[in-house]
Amino acid sequence: MKISLNYLKKIVDYPVDTERLINDLTMNGLEVEAITKPYKDIDPNIKVVDIISFEPHPSNKDLSVVIIDCAGERHTVVCGARNVKGGMQAVWAPPHSRVQNFEIKEKDFKGVRSSGMLLSLEEIGLEEKSEGIWLFTSSYKSGKSLIDILDASTTVIDINVTPNRGDTLSYIGIAREVSAYYNTRLNLLPSDIEWQNETSPIEIEVKNNTACPLYQGTFAEGISVCESDIEIQKILIESGLRPINNIVDLSNFIMLETGHPNHTFDFTTLKRHKIIVRDALDGERIRLLNGIEITLKRENLLICDAETPIALAGVMGGEFSSITEGTSSILLECAIFSPDSIRLTTSMHNINSDSSYRFARGVNFDTVEYATRRFMHLLKKYRPDVRVLKPMTIANEGSNQKRKIRLRYSRLDTFLNSQIDRNFIKNTLTNLGFSIERESTDGLDIRIPSHRYDVSMEEDIIEEIARIYGYNRFDSKLPHTEILEPRANTYDRFKRQIHNLLSNLGLYETINYTFLDDGINSVFSEKKPITIKNPIAQDMSFMRKSILASLFKSAQLNLNRQHKDIRFFETGKIFYDDNEIIEEERLGIFLSGKPFDRIWANPQTEYDFYDLKGILESLLSSLHIDTVKFKREGLPQYLHKGKSATIFIDNEFCGIMGEAHPNLLNRLDIKQSCFIAELNLDIIYKAFLKNQPVFRSYSPFPFIDRDIAIVINRDIPSEDVVSEIKEMNIPIVEDIKIFDLYEGKGIEEGKKSLGVAIRYRSPKSTLTDEEVEGLHSKIIDNLLKKFYGRLR
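Start counting the sequence shown at 113; every next residue gets the next number (this note's numbering).
Calculated directly from the structure, the hints in this document are not laboratory data.
Keep in mind it's a predicted model, so treat the numbers as computed, not measured.
Do not take every clue at face value.
[To be verified] Taking CB as the label site, the calculated pair distances span:
| id | residue 1 | residue 2 | range |
| --- | --- | --- | --- |
| 1 | S634 | Q804 | 20 to 26 Å |
| 2 | E621 | L590 | 38 to 44 Å |
| 3 | N508 | R210 | 57 to 63 Å |
[Said to hold, decoys possible] With a straight-line Cα cutoff of 20 Å, these simulated DMTMM-like cross-link-like pairs (lysine to aspartate or glutamate) come out:
| id | residue 1 | residue 2 |
| --- | --- | --- |
| 4 | K639 | E695 |
| 5 | K864 | E885 |
| 6 | K114 | E143 |
| 7 | K741 | D827 |
Idealized CB from N, CA, C, for every residue including glycine.
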């Protein structure tokens with residue numbers, strides 16, 4: 113934010129020199145990044161002159177012959193600018209003056225002698241690119257030195273305004289800070305205006321009063337569009353804005369002075385003289401002042417007339433309703449737009465403006481009336497014959513409710529470790545715009561001004577007092593605090609254990625955005641997706657519903673770069689809409705290619721179903737979870753039916769695993785087998801907490817091994833047989849293993865022979881054959897009955 117100190121002094125008088133002011137502002141949280149004197153290099157011989165007349169050059173139609181008056185003397189100047197106008201003032205560099213280190217000389221242009229040149233802002237060094245000479249009106253007589261008007265001593269400071277301090281994006285905002293720091297008076301400049309006692313021709317309708325809680329429209333006629341007075345242009349130039357014409361310049365000037373953006377429409381362009389503030393329709397289009405036509409979405413707020421959009425609310429006006437040389441009547445818009453709405457629109461269309469910059473940070477409800485009156489006051493000052501009708505205001509009742517905060521002196525003193533004078537506190541808060549509603553011996557009840565969006569709690573008030581008091585005035589003392597032993601978070605320890613286990617098994621962790629495009633997102637889940645309103649990219653418009661979608665994108669990236677051997681895992685959240693937004697923590701695993709590097713000692717096998725199953729079993733076993741079942745039911749379509757399984761823990765569905773279906777691989781243009789798993793970490797964590805390891809002393813007594821060979825249906829999972837034995841809860845059964853699987857000669861079609869090894873051991877005594885045989889027979893009988901099997 114560029115601030116002219118000369119103009120700042122008109123609003124607040126500060127009792128220090130420039131160097132001290134800059135230091136105090138910086139210490140006060142308003143960092144001054146640059147200090148410039150924009151007029152210091154202007155030659156004193158350069159003059160302000162009146163343009164008397166002009167006509168085309170007799171030999172060159174691209175040139176004009178201009179007659180100027182300088183202190184009563186007339187001179188002829190040949191000029192190539194297309195914006196020359198009679199009756200205006202301009203800047204003249206006479207012969208032998210210097211412009212940016214070049215000496216100006218008389219020159220002959222095909223028979224017409226040019227005495228010096230008329231200058232543009234670019235040539236003077238005040239603008240990067242100019243389209244014509246600098247024209248203006250002023251009360252100064254021709255012949256006065258330009259540097260005397262502009263003032264060579266003018267100092268401009270550039271302040272780095274942090275995003276939370278939108279209230280300082282104006283001269284009044286900075287002046288308020290200076291006033292508080294030096295306890296001096298803030299002088300608001302004149303805004304008196306006499307409204308015409310007539311009915312306004314404007315009709316205003318606000319259809320979204322959440323995004324636009326206040327809209328004020330003011331009609332003025334008798335407008336004559338021309339160049340601004342030099343005093344207005346001077347402030348714009350010093351503040352980094354380009355002069356355009358008297359109406360637009362005045363609009364920008366009011367924004368700089370008050371911090372409240374406003375916009376002027378050519379009233380004659382408004383269909384049926386109506387203003388409608390509404391949400392855009394999907395696909396609706398508008399051409400903006402910058403010449404760019406954009407396609408709108410329903411999240412965008414528009415200003416419309418009775419038929420078409422005329423402005424992107426709070427961001428930029430439309431080309432159709434802009435101010436032109438033929439404008440004779442205007443509508444001044446001064447409104448409040450929701451910061452959220454403005455940020456969404458600017459992000460969606462990548463359009464930024466000085467207005468949106470301020471609206472996105474929040475503007476002051478209470479300056480709407482003042483900004484309107486100040487605009488019209490200055491308009492009539494420079495054009496007394498303008499007629500202005502009383503504004504029309506549409507306000508959402510209750511939208512400007514000022515928050516109230518209680519400041520306790522005891523908390524202030526504790527926080528700052530110092531007792532600040534209570535009168536200083538009250539003066540500081542008052543100078544910053546806060547209202548003290550009630551005072552007591554132990555504190556203050558304070559109303560927060562509408563321009564301070566960043567103040568929401570007692571600590572914010574304390575910060576304001578400390579900031580103005582001066583951080584450097586506080587004594588440095590170490591805080592008295594108790595150092596507590598850190599307590600480990602069980603869930604974090606659980607996740608860290610999973611990461612370590614999978615890393616030790618040779619897998620690499622991936623970390624992906626949780627944003628995806630709808631294409632791959634819909635492949636792995638039929639649940640309703642959550643749409644992002646302001647995506648950072650078109651292919652990141654949805655929250656992911658499955659962690660597999662992220663892993664497949666990572667795999668595609670690697671495969672496209674010829675990395676064929678992939679072993680990834682990722683933990684993270686997935687999101688979906690089930691009448692409410694649901695978040696779940698998931699673990700995903702992706703295997704493809706070869707598990708070993710290509711050297712002579714490593715077998716060149718490729719990953720298969722059992723590699724993936726082994727990793728999952730190792731992981732769950734390390735977490736002491738032994739209530740896992742793998743089933744061939746309820747498989748999703750993206751898995752190969754014959755090489756996949758669903759996973760249950762404690763009979764609760766936990767996830768899926770298996771080989772990706774060829775149709776999915778073809779769709780994603782992947783030409784090698786992929787083995788994937790996705791598990792619900794919340795369910796695993798629940799089982800992890802329930803199955804914490806318990807110390808069990810080692811039995812010193814010998815064990816007895818017994819085997820069972822049972823013929824059962826081929827589609828019965830071996831895990832079901834092991835689970836059935838475990839569920840019998842026989843205390844001396846120490847271990848159960850599947851050691852053999854046979855299908856073929858001697859076994860009926862559709863059947864399989866399963867070899868089960870059972871180890872028996874007692875922690876109290878040596879087992880006898882009789883004890884073991886009785887229990888072993890009981891297990892056999894139960895298995896034969898349960899699975900309709902026979903002994904082999």
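Do the hints match the structure? See the list:
no., hint, verdict
1, S634 - Q804: 20 to 26 Å, "violated (39 Å)"
2, E621 - L590: 38 to 44 Å, "holds (40 Å)"
3, N508 - R210: 57 to 63 Å, "holds (58 Å)"
4, K639 - E695, "holds (12 Å)"
5, K864 - E885, "violated (25 Å)"
6, K114 - E143, "holds (12 Å)"
7, K741 - D827, "holds (14 Å)"
Hint violations for this structure: numbers 1, 5, all remaining hints satisfied.
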